[in-house]
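Going down the list, the protein sequences come from chains A and B. Numbering of the first sequence is given in my numbering, commencing with residue 51 and proceeding in unit increments. Numbering of the second sequence is given in my numbering, commencing with residue 4 and proceeding in unit increments.
These are computed hints drawn from the structure, not numbers from a lab. Only a predicted model underlies this, so the values are computations on that prediction, with no experimental measurement involved. Check each hint, because a few of them may be wrong.
Stated by the list, open to error - Taking lysine to aspartate or glutamate and the EDC-like style, the derived pairs with C-alpha atoms no more than 20 Å apart in a straight line are:
1. B/K96 - A/D69
2. A/K278 - A/D562
3. B/K96 - A/E68
What the hints assert, rightly or not - Covered stretches of chain B, going by a simulated chain A footprint (3 or more residues, C-beta under 8 Å):
4. 44-52
5. 77-83
6. 110-121
7. 129-142
8. 147-159
Glycine residues also receive a C-beta, built at the ideal position from the N, C-alpha and C atoms.
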Amino acid sequence: MKQTFKVVGRGYPRHEAEDKVRGKAVYTDDLEFSRMVYGAILRSPYPRAKVVEIDASEARKLPGVMGILLPGDVPQKPYNCSGNPPSPLAIQDERILTDHPLHVGDRVAAVVATSPRLCEEALSLISVQYEPLTPVLDLEQATGEDSPVLHPEIGPSNIFNKIEADQGDVEKGFKASDLVLEDVFETSGIFHTCMETVACICDFSGGKDLVVWSNSQTPFQERRILSKLVGLPESRVRIIKPMMGGGFGSRQQLHNQVVGALLSRLVRRSVKIVNTREEEMVGTCVRHASKCRVKVGVSKEGLIQAFQAEVHHNCGAYATHSPIVMAAQSRKVPYRVPHYQYEGYCVYTDYPVAGAMRGYGNPQLSFAREVLVDRAARKLNMDPVEFRMKNRILPGDTVPGSPLVLQSCAVKECIEAGEAIRNRIDRNEERNFEGRRDDVVERWGMALAMHTSGASNNTGMSSAAILIHDDGSATLLTGSADMGQGSETALSQIAAEVLGISLSDVRVTAADTRHTPYETGSFASSQAYVAGHAVNAAAMDVIDQTRGALAIRYGVEAGPIVFENRRFKFEHGETSLSFKEAVSEVHFGETGTVITGRASFKARHSAPHSPPAGPKWLLTGSPTVLRFAM
Amino acid sequence: MSENAMVIRMEVNGVEHRLHVSTGDTLLDLLRDKLDLKGVKRGCSAGQCGSCTVIMNGKAVNACLVPAVRANGKRIATVEGLEGQNGLHPLQKAFVANGAVQCGFCTSGMLMSAKALLDADSNPDRKKITESLSGNLCRCSGYKKIIDAVEGASKNDMTPVQSMTSDQ
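Go ahead and model the full structure; you've got the sequences and the hints to work with.
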């Protein structure tokens, strides 16, 4: 059945775009409150050290400095800052302020003062006597026998977690292979570089309720962790996400909100903390640097028999997301592999903390695997494109190392589209061959990677509420955090579509933990799917309730009232009502009722792929050449 | 803390201001903190990202690198002054229409670099547009649409580029 949509599938400008081009969109650092003061964090200059003594007396004397927190002034219960639902993999090893810093940028002390510049000056006046310790900076050193153990409270070695996945018997697979290749690849840690740095304003001034404005991808997870740390029920901790200048995974965790909350409680004023770019680079998170030992076995016909990966991850000083990143990494092999074995190791070092970042473990192993796959194709004198086409995973297959069955995959269409571009460019260049310079070396290459829209461990959950106003316009309440990807507009489109009203009739309030319903978080390119389903179901609930209310209003059975082509129709008679007409009928009068839709959605699967012949603006899976050397 | 306050005069978006500035204040501090022009974004404070780009006497500059005292006697235009009495500036319209706005944090700076370019050259080619925006980073990596938007705006009736009117 072909569905025709009125609002979904059309390229509307996102609803906040005009505010953004006017410079009127409000990001966290743009907010100012009466009597607001500023906080700043003293960060360790050493990758590993012991704090012997801190003397903050000079800083306290500085006029305008209102308070200072040292490690002894804050709870020392370890926690995990990552924005994941509760999990034994979220190892609790981090402290709010520490006297044993484990990376450059680790939080040692905090100040609150009447201006950012005074904060800076106060930080420089805090005298810390450090005993520098030999830092453990790379995987080799951290896993060596004489390495210091960075978290003895977690385990006896720096390898603090191991994730395994397998199917078949890789040894058997390698024996049955005609070609076996093996190599080791290292990837480096890279940084998200959101244009907006981490920022928060914490208002704990009454001591009973904590309100936080912060750039958060996972406000509900952050609320849960924060509420435990400050000892409040979740109803008394409110996280509001203002406009957000990018996330890319780095905002999938708590950053300075805990320190901000404690500073605010200390001075009974709202406290703003904004990272400098330097702090952002040392004190937030990076993508895991990794060492991937990969081995592939292939038959002479070019079929992959076995694939083995042993990946060590440089997790930096704290666990945060790491074991969950590895679990995700283990199940992203885009090939049919009868025998597969994955071993992922989390390793503590004194490197910057590794957290969530685009791809969540996928890029590292994909890089290593694809180089090896390319070599295998070349050894067999096969075209690397054809080799991948031959081995690619197909709908109905089980994703290697997981119980998940792949339900859709348009990689064939994607590769064919890429090939068409390559052929076109090659053809054109042949025509212009005479103009080509000899010193230009040109190569085509390809790599294949598979990612899911939605977490591959089914953690995606969202809910929505839709308040219907007496004129039939709607306010959508969603916990989904828009970090710049446009989810608020997409979700509003879904609501407008189902209700049969125009997009401009829908306003959205999103990601405010007091006023919007729960949602796991914005990550894994999943909002249109996970939150979208919740919004769709909440809008259907609105329609059902309206049918019921119409039945009462007109004294008929609800069953035969249908909502088709954006109109309610009754069993008999000519009457048909638009959504807005229906709402104004049922809202007022003796049988008056308020329509409020709600729904919860738990993702059992990741989103299906976009149709290859989808609308032009749908860019996912549509290769294009943006720039190439000529 | 050394105050060394002095008074400067500058015109911002068509309005003349007299401001007390301290040593160490940058133009960015003045615009954001004293004039409440929060559309000017603070991304790196080191002239690397272009988020704080404003136009000073016709040239696009990183406000974070301009000492406040150097703004004395200058004419400054920020994103807040881009909108004219007839609504959005063609560049603003083109950014919205082309989907050139994602997280939006680079948008103000992009717009001001683009405006400085179009004021100097009303019909730049894509190469020139790309070069002119090379100091403005977009981490959402929406460069293609941004360049499309600037090119689109330049093809509209862009002459004269609207004079700055006050929003104060």
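Do the hints match the structure? See the list:
Proposed proximity of B/K96 and A/D69 is supported: the alpha carbons are some 12 Å apart, at most 20 Å. Proposed proximity of A/K278 and A/D562 is supported: the alpha carbons are some 18 Å apart, at most 20 Å. The hinted pair formed by B/K96 and A/E68 meets the criterion: a straight-line CA distance of about 8 Å does not exceed 20 Å. Counting residues of the segment 44-52 of chain B whose beta carbon lies closer than 8 Å to any beta carbon of chain A gives 8, which reaches the threshold of three, so the coverage claim holds.
Against chain A, the segment 77-83 of chain B contributes 3 residues with a C-beta closer than 8 Å to a partner C-beta. That satisfies the three-residue criterion, and the hint holds. Requiring three or more residues with a Cβ within less than 8 Å of a Cβ of chain A, the coverage given for the segment 110-121 of chain B holds, as 3 such residues are present. Interface restraint, the segment 129-142 of chain B with chain A: holds (3 residues with C-beta to C-beta distance below 8 Å; minimum three). Against chain A, the segment 147-159 of chain B contributes 1 residues with a C-beta closer than 8 Å to a partner C-beta. That does not satisfy the three-residue criterion, and the hint is violated.
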